[in-house]
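Undergrad: The chain contents come next:
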Amino acid sequence: MTAQRFTNGDRVKVAEITGRRHVRTPGYIQGRHGVIERFCGYFPNPEERSIGLTGLPKIALYRVRFSGADLFKELSSAVADSIDVEVFEHWLREVEDDI
Amino acid sequence: MTSEDNYSDNNVVSKQVHKHDHTPPADQGPVTQVQAIQIAMQELLIEKGLVCAEEIRETVELIDSITPSRGAEVVARAWLDPEFKSRLLHNGTAACLEMGIDLRPTPLVVVENTSLIHNIVVCTLCSCYPRMLLGLPPDWYKSTAYRSRIIIEPRVVLLEFGTNLNPELSIRVHDSTADMRYLVLPQRPNNTENFSVNQLTELVTRDCMIGVTLPKNSVTS
Amino acid sequence: MSAKRIGPHDVAGSVVDPVDTTAHELAGWEKRIDALYKLLADEKRCLFVVDEFRLAIESLGPDVYNTHSYYERWVLAIRDILIKKQIITSDELSQRVVDVLDREV
Numbered sequence: 001m002t003a004q005r006f007t008n009g010d011r012v013k014v015a016e017i018t019g020r021r022h023v024r025t026p027g028y029i030q031g032r033h034g035v036i037e038r039f040c041g042y043f044p045n046p047e048e049r050s051i052g053l054t055g056l057p058k059i060a061l062y063r064v065r066f067s068g069a070d071l072f073k074e075l076s077s078a079v080a081d082s083i084d085v086e087v088f089e090h091w092l093r094e095v096e097d098d099i
Numbered sequence: 001m002t003s004e005d006n007y008s009d010n011n012v013v014s015k016q017v018h019k020h021d022h023t024p025p026a027d028q029g030p031v032t033q034v035q036a037i038q039i040a041m042q043e044l045l046i047e048k049g050l051v052c053a054e055e056i057r058e059t060v061e062l063i064d065s066i067t068p069s070r071g072a073e074v075v076a077r078a079w080l081d082p083e084f085k086s087r088l089l090h091n092g093t094a095a096c097l098e099m100g101i102d103l104r105p106t107p108l109v110v111v112e113n114t115s116l117i118h119n120i121v122v123c124t125l126c127s128c129y130p131r132m133l134l135g136l137p138p139d140w141y142k143s144t145a146y147r148s149r150i151i152i153e154p155r156v157v158l159l160e161f162g163t164n165l166n167p168e169l170s171i172r173v174h175d176s177t178a179d180m181r182y183l184v185l186p187q188r189p190n191n192t193e194n195f196s197v198n199q200l201t202e203l204v205t206r207d208c209m210i211g212v213t214l215p216k217n218s219v220t221s
Numbered sequence: 001m002s003a004k005r006i007g008p009h010d011v012a013g014s015v016v017d018p019v020d021t022t023a024h025e026l027a028g029w030e031k032r033i034d035a036l037y038k039l040l041a042d043e044k045r046c047l048f049v050v051d052e053f054r055l056a057i058e059s060l061g062p063d064v065y066n067t068h069s070y071y072e073r074w075v076l077a078i079r080d081i082l083i084k085k086q087i088i089t090s091d092e093l094s095q096r097v098v099d100v101l102d103r104e105v
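Going line by line, the protein sequences match chains A, G and H.
The opening residue of the first sequence carries number 1 in the numbering used here; numbering runs sequentially from there.
The opening residue of the second sequence carries number 1 in the numbering used here; numbering runs sequentially from there.
The opening residue of the third sequence carries number 1 in the numbering used here; numbering runs sequentially from there.
Each statement offered as a hint is correct.
The calculated lysine-lysine pairs, modelled on BS3-like cross-linking and capped at a C-alpha distance of 25 Å, are:
hint	chain 1	residue 1	chain 2	residue 2
1	G	216	G	85
2	A	58	H	44
3	A	13	A	58
4	G	48	H	44
5	H	4	A	13
6	G	48	H	84
7	A	13	A	73
8	H	31	H	85
9	H	44	H	84
10	H	31	G	48
11	H	44	H	31
12	H	85	G	48
13	G	142	H	31
14	H	4	A	73
15	H	31	H	84
16	G	142	H	4
17	H	85	H	44
18	G	216	G	142
Computed, partial: chain H to chain A, Cβ under 8 Å:
hint	residue
19	4
20	5
21	52
The set of hints was computed from the structure by calculation and includes no laboratory data.
Fair warning: this is a prediction, and the values are worked out from it, not measured in the lab.
Where a beta carbon is used, it is the ideal one built from N, C-alpha and C, also for glycine.
Throw the hints in and build the complete structure from the sequences for me.
TA: Written as structure tokens, this is what we have:
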């Protein structure tokens, strides 16, 4: 268990990772930008547990808030205004503020 | 997920399980190939001593005993008791434990509908659902149609439930992809100031705690 | 929309069918497979964990995933786990399935 890297309000980008069998990061958020809504705690790694390993040490889990209009640009009139998704820390990358 | 998802296991609710003679609904029609696999696996597991028939029967009873009325009681209390509501929004798991509902080890996040935001819960990858509060998820919650569309056209989907949301409301969808479970705290309908806790509980349906409908007596503008 | 998918279960944005908001009452076999899952994965037995179960469902492949009901997928996934872990053999299960179907006739 390592100290959490992100705090509320941090801007993050979800990694695009292929070649793993069981992941809990749906395709529609991979490669997309969001904002940390909250830190949820530490949990065993489901990718490792799915293949019979312990999933330890536990890893940090966050709720990341995405803009529906950002995720689904071509549909932006009908989509949800915001979508909160739980994402494990090893899927998250820092984003520099581009002001 | 699926829940496949964790009931927070056996330490839970046993005290609230009512024991009675219970016959699960009969399986209609001829046994299909998949149903035969279910029966065959169950028989083999019993013969090998890994489970016993009594445990299966008791577990089905436990599953049957958890209904959305549990969640409704939590919501009604939050409507009546602002301090409880504050604790519930801050730490749903701990607040439910106060009411004797043990959700551990799966943490509960309670999301509040307001005059600005309407919340909806989904699990796009499987069927993660607050089973310890609401029982088994309904068919539609597990359906590909709901899981596919609630993010990209929530207002259209809600209309299919007969819910015509105020267009001014911002819609926030919660995708239960990992270890949290979600409960929507709906807005208390107007003109219920004199309602008792039981009357309020009656207004709280399963579907309004997932966010696809509003409580009974709600007026949409 | 999002072309990238992590498996047949990753359905966000994929279909346009209306939501059937009616519910069927669960059959006995559906509740029993739910109960079996819960028992086999409990702390006492721990024959598998939820993540192994999810992987087994996802590994059924798109054809099986899309043509079977929710609890049918559970049955097939648990079957695959029990055989893979050599808790039951494929042969004894096949024979028992034949017996079950014979009995029903």
